[in-house]
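A.B. asks: First to last, the protein sequences are chains A and B. Residues in the first sequence are numbered consecutively from 1, following the working numbering. Residues in the second sequence are numbered consecutively from 1001, following the working numbering.
If you're looking for bench data, these hints aren't it; they were derived computationally from the structure. Note that beta-carbon positions come from the ideal geometry of N, C-alpha and C, so glycine has one too. Each statement offered as a hint is correct.
Mimicking BS3-like on lysine-lysine, the simulated pairs with C-alpha atoms at most 25 Å apart in a straight line are:
{"hint": "1", "chain 1": "B", "residue 1": "Lys1152", "chain 2": "B", "residue 2": "Lys1297"}
{"hint": "2", "chain 1": "A", "residue 1": "Lys157", "chain 2": "A", "residue 2": "Lys208"}
{"hint": "3", "chain 1": "A", "residue 1": "Lys135", "chain 2": "B", "residue 2": "Lys1262"}
{"hint": "4", "chain 1": "B", "residue 1": "Lys1262", "chain 2": "A", "residue 2": "Lys159"}
{"hint": "5", "chain 1": "A", "residue 1": "Lys159", "chain 2": "A", "residue 2": "Lys110"}
{"hint": "6", "chain 1": "A", "residue 1": "Lys110", "chain 2": "A", "residue 2": "Lys157"}
{"hint": "7", "chain 1": "B", "residue 1": "Lys1262", "chain 2": "A", "residue 2": "Lys110"}
{"hint": "8", "chain 1": "B", "residue 1": "Lys1262", "chain 2": "A", "residue 2": "Lys157"}
One-sided excerpt, in silico: chain B residues whose CB lies under 10 Å from chain A:
{"hint": "9", "residue": "Gln1257"}
{"hint": "10", "residue": "Leu1264"}
{"hint": "11", "residue": "Gly1265"}
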Amino acid sequence: MTVAVSISHVDKFYGSFKVLHDVSLNVNEGEKVVICGPSGSGKSTLIRCINQLEEHQSGDIAVLGRTIDGQGKHIDFIRRDVGMVFQNFNLFPHMTILENCVLAPMLTRKTPREEAEAIAMQYLERVRIPEQANKYPGELSGGQQQRVAIARALCMKPKVMLFDEPTSALDPEMISEVLDVMVGLAEEGMTMLCVTHEMGFARQVADKVIFMDQGRIVETAPPEEFFSAPKNARTRDFLSQVLAH
Amino acid sequence: MSDATLQADRARPPVSPFVERLKERLFPTPLSGLLSALGIAAALWIAFVLIRWAFLDATFTGTPEDCQQTTGACWAVISARWRLMFFGLYPYELHWRSGIAGLILIAVIVASCVPVFWSATRLALLWVVSFALFWIIMHGGVFGLETVTEEKWGGLTLSIFIFCGTALVGMPLAIVLALLRRSRYPLVAKVAAVLIDTVRSLPLVTILFTVSILLPILMPDMPLSKISRVILGMALFFAAYQAEIIRSGIQSLPVGQEEAAKALGLGYWHRMTRVVLPQAFRRALPPTISQFAISFKEVALVIIIGVFDFLASGNAAYGSGEWAFTYVEVYVFLAFVYFLFVFSLSRYGAYLERRMRVGK
Ligand SMILES: Nc1ncnc2c1ncn2[C@@H]1O[C@H](COP(=O)(O)OP(=O)(O)O)[C@@H](O)[C@H]1O
Ligand SMILES: [Mg+2]
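Just chain A, same shape as in the assembly (with noise of 0.2 Å):
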């Protein structure tokens, strides 16, 4: 098997503050991998070192087989394999929902705009919402921008999905919706890293859950022995504290 993300030894620091202690971690092609652990723990800043949002100052990420090397061109050519799904959705306001689809592929793909247009709408289906693809993102409600957001990132055609907490900005009501794509996109093979404490959706379709403190995983297992014999204590804690809702 092909290792999608590989992680080793990273260090990072925001200034004199250091966030992620000698972290390792490999994703191969095709693997889901869930990422939990309590607030101020370090997730997201690790998923967004794999696009390089943050950068790391020692260790080494390598994305599809390219190591991050620092350089600007380099980094926007693993950007456009690595699909990102934020928790404010971030879509772009002055656009409609079709325009935000095809802005990225038609400005660095070349994509010709019927053919990303086409594209754009076949994804909107996917996430059921394609009626809405004329409307301006304030129009829409948050479980419906952050499918557009998922779409928007596949339009891209990624080989791999980092998703941060997308649905703790959602009203309960529209959580499911939202997981449901994200359990069909599993269902399709896609590579996905996913900080979210949806416990449900770990066990689904997580291949691996990794628990994160204090800017350490500290514990990796299948879904099955991470929820039934957690060996840690501070996954003890955390699990009872999550699972208690």
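Starting from the known structure of chain A, arrange chain B with the ligands on it as the hints suggest.
C.D. replies: Just chain B with the ligands, lined up with the frame of chain A:
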């Protein structure tokens, strides 16, 4: 208000709410009622005197002597000297050229306000073509048009030209300065900041004196004409302020916007032109409109370095002896033309804000 009056209010038969409110505002007690009545009377009287001066007793055409027979405004000076105010010292028999050239610029300003033209290429094309046309018609020397050098340009046409030139050079410069000030390279950001703050701390007059008087002394072989130098000076001044307006628009965006664009693999140029700047401009629209209004009015400062703009032409219009007593009418007219321009600009700004609130 006491309970008793409240009840009395309810008991009263319904009156139109407007009349009701007026009554309550203007005549709540006998004393304020009296003051209100006096105020209204004074306002009516002032309005009457103004209308009598401006319309009823005014002279609209004729000679200075005709004017002096009446007590009202002497608008005859406008009908006698409007060509001087609009076209300055441009050769009299060629005024039509200055008129057409001025109208072209006004047409392009209006066209730039129409959303159809809002793409960098269309705007650039529109302005480059119209400036070329303006130059051909104003300056001549080609197509059998007699050459009229820049020293002879003047009046409203020249003021509009200087304003357009300022905005056209100043806006791209402002964008560049705003982006440089946010550069990730500290030295670049620092240099841009110092430049912006230096220009902002100089009065426009000193910049105008520098470009018009100092520069030719320091660089005698300077290939640029006086008006081009004035435009460059004013553009620099405009850019320093506008850069900060644009930067405030950029800073007000959620960081997630640029991150999302990065995550999609868009390069710096595309992130700025497609995601960051369009949103920053929408957010910075009200101060941008005021900056345009201020710049339009600041063009009048060029009078002190001897450029024959609209204001200077107005001074000349009454300054020639026989019309000397009509300065009030001339300034009222100048003010009215300025008002037309700047008021339309503000209304347009209000329209844009309404339009953008819908999400476009
Ligand atoms: N831009 C930043 N500058 C300084 N500290 C930051 C920054 N972003 C995050 N941090 C800190 O780094 C730590 C990890 O943050 P983050 O990766 O967002 O955690 P998580 O996503 O697990 O909640 C937190 O203590 C947070 O306060
Ligand atoms: Mg986070």
